[in-house]
Amino acid sequence: MRFALTTEQQELHQVVAQLLGDACTPDVVRAGTGSPQADRLYAGLVDLGATGLLVDEEAGGLGLDENYLVPVLVEIGRAAAPLPLVDTLAVAPGLLSATGRAEDVLAGTVCVAADPVGNGLVRFGSRADLLLQGGWGGSGVIRVVDLAGAQREPQAAVDPAADLQRISFGTIIAEIDDPALVRTAWLRGVLGSAAELVGLSRRMLDLTVGYVKERQQFGVPIGSFQAVKHHLASALLAVEFAAPTVSAAGYALATGDEQASVAVATAKALASDAAVQVARATLQCHGAIAYTTEYDWQLFAKRAWAVAAQWGTAAWHRDAVARALGLPASGTSPAH
Amino acid sequence: MDLSWSDSEQAFRAEARDWLAGHVPARPLPSGDTAEGFAAHLEWERALHADRWSVVSWPEAYGGRDASLWEWLIFEEEYYRAGAPQRVTQNGIFLLAPTLFAFGSRQQQDTLLPRMAAAQDLWCQGWSEPGAGSDLAGIRSAAVRDEQAGGWRLSGQKTWTTRGAFCTHLFGLFRTDPQAQRHHGLTYFLVPLDTEGVTVRGFDRLDGDEGFAEVFFTDAFVPDSAVLGGLNEGWKVAMATTGSERGLTLRSPGRFLQAADRLVELAASNPESSTPVLTDRVVRSWMQAQAYQQFTLAQVTDIVEERPTGARSSLNKVYWSELDIELHETAMELLGPDAQLDSDWSRGFQFSLAGPIYAGTNEIQRNIIAERVLGLPRK
Ligand SMILES: Cc1cc2nc3c(=O)[nH]c(=O)nc-3n(C[C@H](O)[C@H](O)[C@H](O)COP(=O)(O)OP(=O)(O)OC[C@H]3O[C@@H](n4cnc5c(N)ncnc54)[C@H](O)[C@@H]3O)c2cc1C
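From first to last, the protein sequence lines are chains A and B. In this text, residue positions in the first sequence follow my numbering: the first is 1, and each later residue adds one. In this text, residue positions in the second sequence follow my numbering: the first is 1, and each later residue adds one.
Be aware that a few hints might be false.
[Unchecked claim] Pulled a few chain A residues facing chain B out of the computed Cβ check, cut under 10 angstroms:
1. Gln226
2. Phe241
3. Ala243
4. His317
Read the hints as simulated data drawn from the structure, not as lab findings. No residue lacks a Cβ here, since even glycine has one placed at the ideal position from N, Cα and C.
Chain B on its own, in the form it takes in the complex (with noise of 0.2 angstroms):
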């Protein structure tokens, strides 16, 4: 056990604290899912870049500072304490670089991430479909192929599209061979959403912001290079990284940590509106805080010292979103009746109450955790 940072790493932390606290925005900036907040989200994004912040684990060759994972997380930490802006980008950073660096061509990787990286393309997620939730092997969408141009032919329908109505390009599956079941036979793409055939319609999430759109595919035409990885190896292509975003590149303990501070900072304020049974609630996600941020700890040190974590980032959805969503409750109910107000807290009680449903329900994590970390029968 050193829980120490080294003076290199504390260095980087200086840095990223300075940095943060000359150029976070002083007033929030307006809901990254709407047209108008994202637009300003994007000029952060921008900012970002132009310092070499926005993907520090990259290499430096992409706009990355080649940071560790320690480092990484000394970011994220540093980034949520400043008060900084929701990553309006961060399904393309974390969710579709991790598959690029895995999978992607030398061409894919040296064309898309420099781009990715400069806020310049903007990344949605097309997995869910209508008929294809949990269930994400029952896609139907499909590429057709179109021999003489030399590529694919796209038709069918995503949703629940986070952004999509604001993004640029979509990363998605769709099946390739059509005798094919399930999980086989599927494809992973790389879509730009200019493509003629391809249509967008955005539509509001609960707390009333544009966050969500449905993808319209009409024989949209994509070229060979759109294909991540192999030809109906989708599905292993698009499992690969499915720890990143349940584990914990999506959701670093820094979020949680400055959440649960924010919490007894609420309480500390408002002693007329607690009750021994709420500061008891505030003191429990407190603990549950330091909890995921120290589980976090021994995970990176696992990877680092490659001890594969497998389907132990399942127990990290599970686990910070029933945080966050308990983090949030106690928040409410110390606010009383200001709670019906429009704030950052309802808003974020409103969005906790999604994590035990997207990036794989809870349910589903608790499946993988019993089947693949306890080893119980499938069936």
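One chain only, chain A, in its complex shape (with noise of 0.2 angstroms):
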């Protein structure tokens, strides 16, 4: 029993964390899919071999598993990077290899984008040169749409740096109906979000931290009352039993354990909680300054807010955990 990163997770996790330290900066973010400076991200974590996280040696990947996928993505989630990022590195490893595309996002030529709930409502779409499309809930089919010559328009979303987009009109070039694989691409975009919420709702943290050590307001710093205080606290509970039970899905997919599903469920419903959570303390305790575009708490919150609503809300995996636990749950399970 050893419930923490070995020494090689740690070291990618740290070489992931300096790159997106120096290259996804809050003007990154702001800059967004498709600037150079997000061109020039995409390029680095390419060059670390992200984009190979987990596919197999033999096929030019690093041959690795959830265990270093849950540090690099809840880093990810920490610099809110504007890119389609569970989706390309979590969710289409294993799915393109009867595509001949995997080459190319190996190679970083192709960024990969997924729609499980096949609706064509697209985050960093305009990036996103394949469609992962359906599978919701790990079962159906998952389109593999080509987005050459498709159509995309622009959604107005909460989150401006969201570059959500209506997608239609691609060219359908494989279709995936093998069960395991479907379920597994499931599993590990819910992992994948729940990983970016640990990291999101870190960030809003530190940054309210800091601010209210150096805000004052009485002649005192505001950190110094207790409301605030204690605000921040019942966040930081949040996420720090959020955070383990994130760890503890990505082991349970890297070691194949028939509960997964379970415990992947319990990881996406309290990340979720957390970040909201988590969100609404830190920008109270900040006061007015955080209720603007200006300030950088809102790249963090609203790709907080958006990620939990993603890949099944609190509420959906609750709803599925209850199932699995034999509870009277009601009807049928909520769509998404």
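Dock chain one against chain two, each of which comes alone in its own frame, and use the hints as you go.
The following block contains the structure:
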């Protein structure tokens, strides 16, 4: 028993954290998907082998597992990177081998987005070359869609850095119906989102802890007021207890645990709730300054709200776990 | 990450499970917070001790098994899974013993620990006073030097002393330097309750059991050997092990995993009284119990690899206590009109409400988290 990263996992985590610290500053998040800065960030991640993290060594990848993926995606979340990285790093591997496009992803010439709902609404859509559509809940069929000639309509979104696009008329190049592949793709998407949420939550907390030590009212730092302390302590509790469930879910997937889907659902539910709670508490502790688009808090909060709602909300995952535990769940499971 | 158990850990689990299956009383014992129930629990404690299950992590010489922290966690999981009785000896074993191991003289360890393990000496915690709850440094009970007799004369009053009316000994803080302020000048004493000048008055807790006591000291004499750690160092000695009280050792994850499983069972076996909202709450609590376990696995890894966890034990305290309330409130809702009956659930519900009060209130813990984990300014 050892509930901690190995040295190699830590090393990968650190190089990724360093790259993101340098190449994914809030300015880069604001510049957004499709900007030269975001492209440079993607190239940097590709250089580190991130797009091949879950790809077998024989196929040119790093041949690593979800234990490595989780800390990498926590950092990507912390940086609010404006790229579909959960989709490209976590969901795509395993699905593209039949399409002849896997090498392009490894080489970084192609970026993959996922649309598990299948309604064509895609985040970071202008940067997506391939779309993985369908497979909600880990069953059904995932269509691999080439977006070369597709139609993209930008959608007004809460998160201005989300680059939300309504995409239609792509070319279906493969349909994946192998239940094991569809299930794994789903679970990795859920796990990856949970990891991102942990990173986003930590970033909001860090930003706020720094701020409340500096900002003075009544002649003292606002961080010395007990009400502020208690908000932030509660927010920290939510993150500190969500984070280990995400690591444990990664381990469950990496080791092929039969209970992995319950572990992954638990992680996503707790990480989503934590992120929403942290967002609320950290805005409150800032006051009006964070209620602006000029201040960086919004970049992380809006991303957190979006990710909390993707790949199954907290309530959706609790419903799934209720069924797994044999609890009296009502009617059919909620659609999304 | 390696969340598997070694062969020897699995063997340890199997041995514990077997023993518990063969020994846990078939019918639940009466509450250990009553005189009659306490006596029944002592028998159980002595059965545990006879087969060396009462203090698994202690050295064999003191009645333990030299078990690792991991094995201790495994034992706790099995203990709660087996529905074994509450530990009426817990305040000695989990709160005083870590302090004795850290600060006790060899002589104190050799005489006190084996008797504690065997449930011969039964320890209660004498920290709080009528005027000193959260503000523990406001302690006024005092010890005055009796040079001639070679010891100390204790006076004052302790209160909220858990199971004080049934215990034989008290560990507590007394002011030894009347000139010193606040947390200076306090000393940690080990006091037999049959000492002349000590009177104990039991009184009822919220659930109606006589689980509390007030302890009065009038010129009660204790020898120098009753001092644990240095003279006037009581605060340091007491605080060094508050982590045990707030954190993992007082409330191991096994307790909440078991409670969460019971809650799932309650909901699954009463589909007619459940609603989607209640199902959602059941699952939320169940998930939080898993989170508490995983958090502690990471924490034990830190402890084993000598990364100090420090003030992070306050995170445990707030989380387990609030989880416990949520688990029990949900159970009360599921029970509907039957919630008014005296039952394990309704008792558990009442006791869960004390969780955010004892072992340092959750308000105090949140202050600690903010100041010492997040680094916010004290003033
Ligand atoms: C079931 C149970 C068992 C117990 N067993 C023992 C025992 O065996 N031995 C023992 O010594 N004691 C025991 N206690 C007592 C326990 O340690 C105290 O109740 C606790 O320290 C709080 O003190 P108090 O009750 O005097 O409340 P107070 O300190 O008066 O607090 C009342 C309220 O004010 C709040 N408050 C106080 N100070 C602050 C602050 N600085 N910031 C914010 N809020 C604040 C508290 O959080 C609380 O909500 C037990 C208590 C319970 C409920």
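Structure-based check of each hint:
1. The restraint placing Gln226 (chain A) at the interface with chain B holds, with a minimum CB-CB distance near 7 angstroms, inside the 10 angstroms limit.
2. Annotation: interface hint on Phe241 (chain A) holds; nearest CB of chain B at approximately 4 angstroms, less than 10 angstroms.
3. Interface restraint check for Ala243 (chain A): the shortest CB-CB distance to chain B comes to about 8 angstroms, inside 10 angstroms, so the restraint holds.
4. A hinted interface residue such as His317 (chain A) counts as satisfied when its beta carbon comes closer than 10 angstroms to some beta carbon of chain B; here the least separation is about 9 angstroms, so the hint holds.
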